[in-house]
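Colleague: Chain order of the listed sequences is S and C.
If you read the first sequence in the working numbering, its first letter stands for residue 1, the second for the next number, and so on.
If you read the second sequence in the working numbering, its first letter stands for residue 325, the second for the next number, and so on.
Hints were generated in silico from the structure; no laboratory data involved.
Each hint should be verified, as a subset may be incorrect.
[Claimed, not checked] So these bits of chain S aren't anywhere near chain C, every CB distance computed over 10 Å:
no., residue
1, Arg-19
2, Gly-49
3, Ile-58
4, Gly-74
5, Asp-225
6, Lys-252
7, Leu-305
[To be verified] Simulated crosslink set (SDA-like; lysine to any residue; CA at most 20 Å straight-line):
no., chain 1, residue 1, chain 2, residue 2
8, C, Lys-590, S, Met-82
9, S, Lys-315, C, Thr-665
10, S, Lys-249, S, Glu-296
11, S, Lys-39, C, Asp-587
12, S, Lys-39, C, Met-518
13, S, Lys-39, C, Lys-350
14, C, Lys-590, S, Tyr-38
15, C, Lys-594, S, Tyr-34
16, S, Lys-39, C, Glu-602
17, C, Lys-590, S, Lys-249
18, S, Lys-315, C, Ser-652
19, S, Lys-39, C, Tyr-591
20, C, Lys-350, C, Leu-634
21, C, Lys-590, S, Glu-280
22, C, Lys-590, S, Lys-315
23, S, Lys-39, C, Ser-521
24, S, Lys-39, C, Ser-586
For glycine and all other residues, C-beta sits at the position ideal for the given N, C-alpha and C.
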Amino acid sequence: MIDISVRQALNEAMAEEMRRDDDVFLMGEEVGEYDGAYKVTQGLLSEFGPRRVIDTPITEAGFAGVGVGAAFMGLKPIVEFMTFNFALQAMDHLINSAAKTRYMSGGRVTCPIVFRGPNGSAARVAAQHSQDFSSWFAQVPGLKVLAPYSASDAKGLLKAAIRDPDPVIFLENELLYGKRFKLEEEIIEPEAIGVAKILRPGSDVTIISFSRGVEWCLEAAITLDQSGTSCEVIDLRSLRPLDMKTIVKSVKKTNRLLIVDEGWPSMSIAAEIAFRVQDEAFDYLDAPVMRVTSKEVPLPYAANLEEMALPNENKIINAIGSMK
Amino acid sequence: MATENPRPKLTQSSPSLMASNDELIKYYSEMLLIRRFEERVGQLYGMGLIGGFLHLYVGQEAVVVGVENAISRQDPMITSYRCHGHMLARGEEIGRVLSELAGKASGSSKGKGGSMHMFSPENGFYGGHGIVGAQVPIGTGIALSLKYRRLSNVCFTFLGDGAANQGQVYESYNMAALWKLPIVYIIENNQYGMGTSTARAAAQTEFFRHGEGLGIPGIQCDGMNVLAVRDSALEAASFVRAGNGPMIIEMNTYRYRGHSISDPAKYRPKEEVKEVRETRDPISQLEQVISERGILKAENLKEIDQKIRLDVRNAAEIAREAEQPASSELYTDVYATQAITDD
Ligand SMILES: Cc1ncc(C[n+]2csc(CCOP(=O)(O)OP(=O)(O)O)c2C)c(N)n1
Ligand SMILES: [Mg+2]
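This is chain C alone, in the form it adopts within the complex (with noise of 0.2 Å):
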């Protein structure tokens, strides 16, 4: 019986901090890419290179991080529309994600998905998606095929807190339970759903417990804390590796930006930003904790930080001067052979 799972042991409330100088480097770096990345996105929105909707992760960084750093890429992984970081965590080149956003040939799917479309399959990472809720049967159907095909691997599959109240969740939390499917369900909770609290969404706010009816363990963590997230993850894979079925991690996350470019965020005051961008910023808790274990000197850790800027700045300028997709590309990738076309 699924109730009869095993709670696995976690070290939520005081994560290990466990990782060698060089890992925390590496988390350190990952995390500002994300960041530096999704400032410049926003200013080259302003300036008219990217356009439609674009929702930026700045904030939420240590969480695609933590659990990028706990699987490999044989894991795989889905999200929604906001994905920018998790492109960038799997591994695909700063270049063509900054040219997908801006609709060019060189983009990771030619300029046809743009920014809320975005895969990248050879790294384990399937979308991108642009409709709430539609990764997550998606995601159990990918756990689906990896049982099927009798791998190890387990499926992490993303999630905001809005979208955790859809329909389609609780039904791939069953089958996902029923079949004992290898997923892991991250649900990013930033605290809001475009401009509704979660509190005004859900009559249960701890999303970890929603799949209690079912005997889904879940667990709850501090999801602005990079070693915290990879330690969870690293403990629900572990789970669900040895053939338990799914689990679900909530992460206490915050989206510093408005839930698209295009809103103020009029729904909650300045100061809760200000907060938790001062106390619990991802970024600087690692900046400090490298700081304060002496690993780098505060100018190793600007040069970083140079560094990163200085690719962000190519890769812009790549998406700037690539080609638009030739005319002849409206049709093709339609079907697998000829398009049908009416002209």
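One chain only, chain S, in its complex shape (with noise of 0.2 Å):
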């Protein structure tokens, strides 16, 4: 039995994809020198060396692009977002650079990079600090999305992703960092992407989320458990492309479905779920399909009001509760 924590697990799968591939580089703020702001990238830089761990100013723009151009080149860079609210300085690159070259030159010029960082709400940090840009990301062509929960997907995910050979937007969750899992066996190959895991089987609902929203639909689930509630937890684990055969599966067999989301409501991973399963298993449904998401507003500071603002496990278990 393996115990390892998210961060550690993150780690591996870099070095271990640097050791494999000389082509493999990572770039960003402080991932260097400082070990990373949150450690993930502790020790690449003494192992690897400044040609292959690069410290780069605070210019995710610049060095967004710079990675673009890198892997146009057949480099397969990873670019760490010290946090995704940053990339948002990025974001022609990533949308408009990254995504869409391969369609753009017929297939002949490809972008095989990586870029990951944290994602979703922090304690406390507030409106600039704290958001969840799932949607945003899952919404473009070109791109694949892959927001993992637990450990090991942590490490195969991460791992496929740096093989694959189109841009992937890796998020992950400054919470989930410091969170420990139990492994069976070291985890060595990729794992696929586009694959959701049902994480508890049940029978009486579906419920579904992505990064640290699973954590608190397991926590609900078990509670729901004992006041006789069955809940079926999915972990979409890849939110594009996303895994239509395994909810709908799920929707069929318990014919009910809440989705948790920490994104806002409005055109969220949610909505496009709730649609996708009406449009496929309309018949299937006994009642509406419900979420819990955040709420539509920008994260404020207050203990009280961030709070209010963000989805847990009362909201979930008060949900299901509300189910028709």
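Quick one: dock chain against chain with the hints and give me the complex.
Modeller: This is the structure we're talking about:
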């Protein structure tokens, strides 16, 4: 049995892929000498040296574009954003340069790059540093978007992202970095991209989430189970492509669906899944699809308002309690 | 042509040190208020009254106090997340700043903004911005509005040495020079952007020269000397007010604490901090001038300090006792009128 944190899992994935392939390199703010703002890249500079672990200035638009250029030449950059809030400065290169070039060049120029870093809310850091961009990226053709919850997926999927021939947005979560998981055996091979995972089988209601939302769902499921509601918890892991097969199969079994999405509800991942489920499994639904999301406000700093604004396990339990 | 701009004459190497006794005491008190405020805030964070990120201004007090005393409140200011000192220098009430840090309804943003997002528009302060570099084009836009309205005011836009490398800074410089906007860019060079020293982040570490290609005059100033800061800001303001377009002042300063409260600052030797504290501290330097000139006795200086400590302590009490924002505040201030809600 291996006991490993999400932080270590991500670190191992990068180190192993860098050992395996000299074309893989890492760049970002404080990734080298400082060992990473959240210590995810600890030790990589000392193992791989400054040729392959590059500390950049605080110039997201610039170094994201530099990464894209290197990827056009066949290198496999891992570009770390200290957090995805700062990726907004680099959005043009993520969307217009990375995602579209294969298509625009008729397949002649490709962009095998990973943009990774923490996404979603962190504790009390307020509106500009606490938000979930999942649906923004998941909307863009040409990108793949991964948002793992567990340490094994963090490792297996990051390896898959690095080896993938297309640009991958890899959304981590600061509040999960320290979370520890027990693994049966070491993860050596990449995990398949685009496959959801049933973490807890159940028969009464399907609960879908991704990233940190999975933690709330699992906790809610334990409580609900005790009061006689059996929940099937699905970890999406991949937001684009989206594994509709697993979702629909589960809904056909439970006939009820709740989606937990830390993003804002309008135009969200939750909205998209609800649409697709009614499209593919309308006759199997015994109740309207429900969702628990953030509120439609920039995230407030005050502790009480912050709690009101974000999803949590109680809100999930209440939503399921109110399901028809 | 922009390059024909006259380079303003400055007295940086030997600041005039011209100030009345009252002025010296004023600068001293204002710097000390920021120092004591930040020290207390650091403690309150440890005690759990404050959450999230916290970036202290300890060591850099002379920069904002010097600039503030060279201009009027009609000359707008804008800066980064390291903004408590600017709030206090601009005259926002201590209790409101501390309450904001505590996330209380009595805070300057009703508790919704926190440490990094503070504003005092009545006093000409436009934030308080969490994303590195973002305040630079915004400050440039504020300058555009001043020119547009044919006002004679100047916008002072503060940015860090790390921020100075951002592309949007260069873009702002270009527009400001092109349109001759009334703006002074104050680069607070505290030698580090988070854990990265200027030499590891900038190919040209003389930041005052970054506008050279665009013909923007730049000067360097001892940012630990409040009088030097004030003089450079005065000179720059009069150059810019005369319609000559932007100027850059690089303030050489130092932050004593880590980048944020959670940064142990292992990337620099402890002796480096110690040496600056002992030889260049802006408050000690001014204290010495005040004593040497016989303006105040040691016990008077102590009284000032005690009064400030008391004010800060009272503000902390106000913040502690204050109410959290009402639940109904969650949806206010999203739009001018009705909020869009999902429930
Ligand atoms: C666009 C962006 N990238 C990264 C960060 C994280 N970050 C916050 S402050 C900082 C360092 C900035 O240094 P500097 O401009 O020198 O200002 P100082 O903190 O020294 O006052 C970094 C990297 C951010 N807030 N915004
Ligand atoms: Mg700095």
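Colleague: Now tell me if each hint is right for this structure.
Modeller: For each hint, the structure was consulted:
1. Arg-19: Arg-19 (chain S) is indeed farther than 10 Å from all Cβ atoms of chain C, at 26 Å.
2. Gly-49: Fine: 15 Å to the nearest Cβ keeps Gly-49 (chain S) off the interface.
3. Ile-58: About 5 Å separates Ile-58 (chain S) from the closest Cβ of chain C, which leaves it inside 10 Å; violated.
4. Gly-74: Correct as stated: the minimum Cβ-Cβ distance to chain C is 26 Å, above 10 Å.
5. Asp-225: Nearest chain C Cβ is 26 Å from Asp-225 (chain S), so the label holds.
6. Lys-252: 28 Å, holds
7. Leu-305: Violated: least Cβ distance 5 Å, not greater than 10 Å.
8. C:Lys-590 to S:Met-82: 19 Å, holds
9. S:Lys-315 to C:Thr-665: Measuring from Cα to Cα gives roughly 17 Å; hence the hint holds.
10. S:Lys-249 to S:Glu-296: Cα-Cα ~31 Å, so violated.
11. S:Lys-39 to C:Asp-587: 12 Å, holds
12. S:Lys-39 to C:Met-518: 14 Å, holds
13. S:Lys-39 to C:Lys-350: Status violated; Cα separation ~44 Å.
14. C:Lys-590 to S:Tyr-38: 15 Å, holds
15. C:Lys-594 to S:Tyr-34: Given that 20 Å is the threshold and the Cα spacing comes to 16 Å, the pair holds.
16. S:Lys-39 to C:Glu-602: 33 Å, violated
17. C:Lys-590 to S:Lys-249: 53 Å, violated
18. S:Lys-315 to C:Ser-652: 18 Å, holds
19. S:Lys-39 to C:Tyr-591: Holds: Lys-39 (chain S) and Tyr-591 (chain C) sit about 14 Å apart, inside 20 Å.
20. C:Lys-350 to C:Leu-634: Within the cut-off at roughly 18 Å; holds.
21. C:Lys-590 to S:Glu-280: Measuring from Cα to Cα gives roughly 56 Å; hence the hint is violated.
22. C:Lys-590 to S:Lys-315: 42 Å, violated
23. S:Lys-39 to C:Ser-521: 19 Å, holds
24. S:Lys-39 to C:Ser-586: 13 Å, holds
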